[in-house]
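Undergrad: Here is how the chains run, residue by residue.
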Amino acid sequence: MQPNSDTRSKQVNVWCDLVLEYFKANKNYILDVNEAQTSPLFCNSAINRKLSTDGIVLILLELEKRGNLEWQDKQKSRCLVMWRTPSEWGKLVYKWAVDSGLANSVCTLYEIHSGADTTSEEFSNIEPWMLKKTILALQSEGKAEYIHGINPDDSDAGVKFFT
Amino acid sequence: MSLVVQIIEICLATRDRNGGLMSFDELRKRVLATSGKTRQGCQDDLARAIKKLHLLGSGFAVITAGSHRLVQSVPGELSMDHSTVFQKAEATSYTSLEILMKDLGWTEQRARATLDHLVAEGMAWVDQQDNSGTVLYWFPGLFSDGS
Chain A
11 MQPNSDTRSK QVNVWCDLVL EYFKANKNYI LDVNEAQTSP LFCNSAINRK LSTDGIVLIL
71 LELEKRGNLE WQDKQKSRCL VMWRTPSEWG KLVYKWAVDS GLANSVCTLY EIHSGADTTS
131 EEFSNIEPWM LKKTILALQS EGKAEYIHGI NPDDSDAGVK FFT
Chain B
8 MSLVVQIIEI CLATRDRNGG LMSFDELRKR VLATSGKTRQ GCQDDLARAI KKLHLLGSGF
68 AVITAGSHRL VQSVPGELSM DHSTVFQKAE ATSYTSLEIL MKDLGWTEQR ARATLDHLVA
128 EGMAWVDQQD NSGTVLYWFP GLFSDGS
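Chains as they are written, first to last, in the working numbering: chain A, 11 to 173; chain B, 8 to 154.
Honestly, the hints are just simulated from the structure, not real lab data. The reader is advised that the hints may include incorrect statements.
To be verified - Lysine to aspartate or glutamate pairs mimicking DMTMM-like chemistry, simulated, CA-CA at most 20 Å apart:
id: 1; chain 1: A; residue 1: K20; chain 2: A; residue 2: D42
id: 2; chain 1: B; residue 1: K36; chain 2: B; residue 2: D51
id: 3; chain 1: A; residue 1: K170; chain 2: A; residue 2: E98
id: 4; chain 1: A; residue 1: K34; chain 2: A; residue 2: D163
id: 5; chain 1: A; residue 1: K75; chain 2: A; residue 2: E132
id: 6; chain 1: A; residue 1: K105; chain 2: A; residue 2: E74
id: 7; chain 1: A; residue 1: K20; chain 2: B; residue 2: D123
id: 8; chain 1: A; residue 1: K60; chain 2: B; residue 2: D137
id: 9; chain 1: A; residue 1: K20; chain 2: B; residue 2: D51
id: 10; chain 1: A; residue 1: K20; chain 2: B; residue 2: D134
id: 11; chain 1: A; residue 1: K143; chain 2: A; residue 2: D163
id: 12; chain 1: A; residue 1: K84; chain 2: A; residue 2: D16
id: 13; chain 1: A; residue 1: K34; chain 2: A; residue 2: D127
id: 14; chain 1: A; residue 1: K20; chain 2: B; residue 2: E128
id: 15; chain 1: A; residue 1: K20; chain 2: B; residue 2: D32
id: 16; chain 1: A; residue 1: K20; chain 2: A; residue 2: E98
id: 17; chain 1: A; residue 1: K75; chain 2: A; residue 2: D127
id: 18; chain 1: B; residue 1: K59; chain 2: B; residue 2: D32
id: 19; chain 1: B; residue 1: K109; chain 2: B; residue 2: E128
id: 20; chain 1: B; residue 1: K109; chain 2: B; residue 2: E97
id: 21; chain 1: A; residue 1: K60; chain 2: B; residue 2: D52
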């Protein structure tokens, strides 16, 4: 990591962007910190350079601050990397809902991620667990309410949008 | 858009990467790219525009290091020693304490002071992973990839 603080800020920003791009391109979400140290993301064998473990941890903590990362265990050995945060997805979903006249009505999460009415939307085919986080984010903003389904895996969950 | 404004915008846009130091050629390429057409006599126009900026006391200057010209766009104290380091580094975009001491005959103190200043100005990035075990100092302002 760079000693000059302005340079280090730039360095951190560039790494954060790279990590998010990498996960977006690989359509992957899980990062295991131990495996990460030798992955091509942080280890460039062509130029024989890698990001130190301390550096990797710094980048992950920065991503957590920005809302792009959630730890999956107390030991912070595995995390979820979200190239778009639930609240960013929330903006897109909420706009679609309002534009589609769904304010104050209910629809299922299934209709949103896999329905015929959303095929041209960016969130079409979004992972169900990401959509759930998105709706919960909207819920905390008072824009929607998450409605639990009957199935054990909540695959029939729904949402009510508010104006 | 006036050339002076173009130059300022390009330097501002690249400042946090190269610390306000860019090769004259790199600046010329970027100006040509933004203006979208070839400019005859561009080098002279560019040199004149930078001189105008310099006269305004804005921290712009052209540094000549041997046959190489560099554009500095932040006020700061750059000495002959700093220019010499840029000249040494221009071919590879990097240098090290050892290179400066060996090739220029500098004392360790002089080499270290020069390099530390350039790191503090944000013009040099520190690389401690070279196989040789030496610490390398890279100058993004000297990269020629246009990015």
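Undergrad: Out of the numbered hints, which ones does the structure contradict?
TA: 1, 4, 5, 6, 9, 12, 13, 15, 16, 17, 19 and 21
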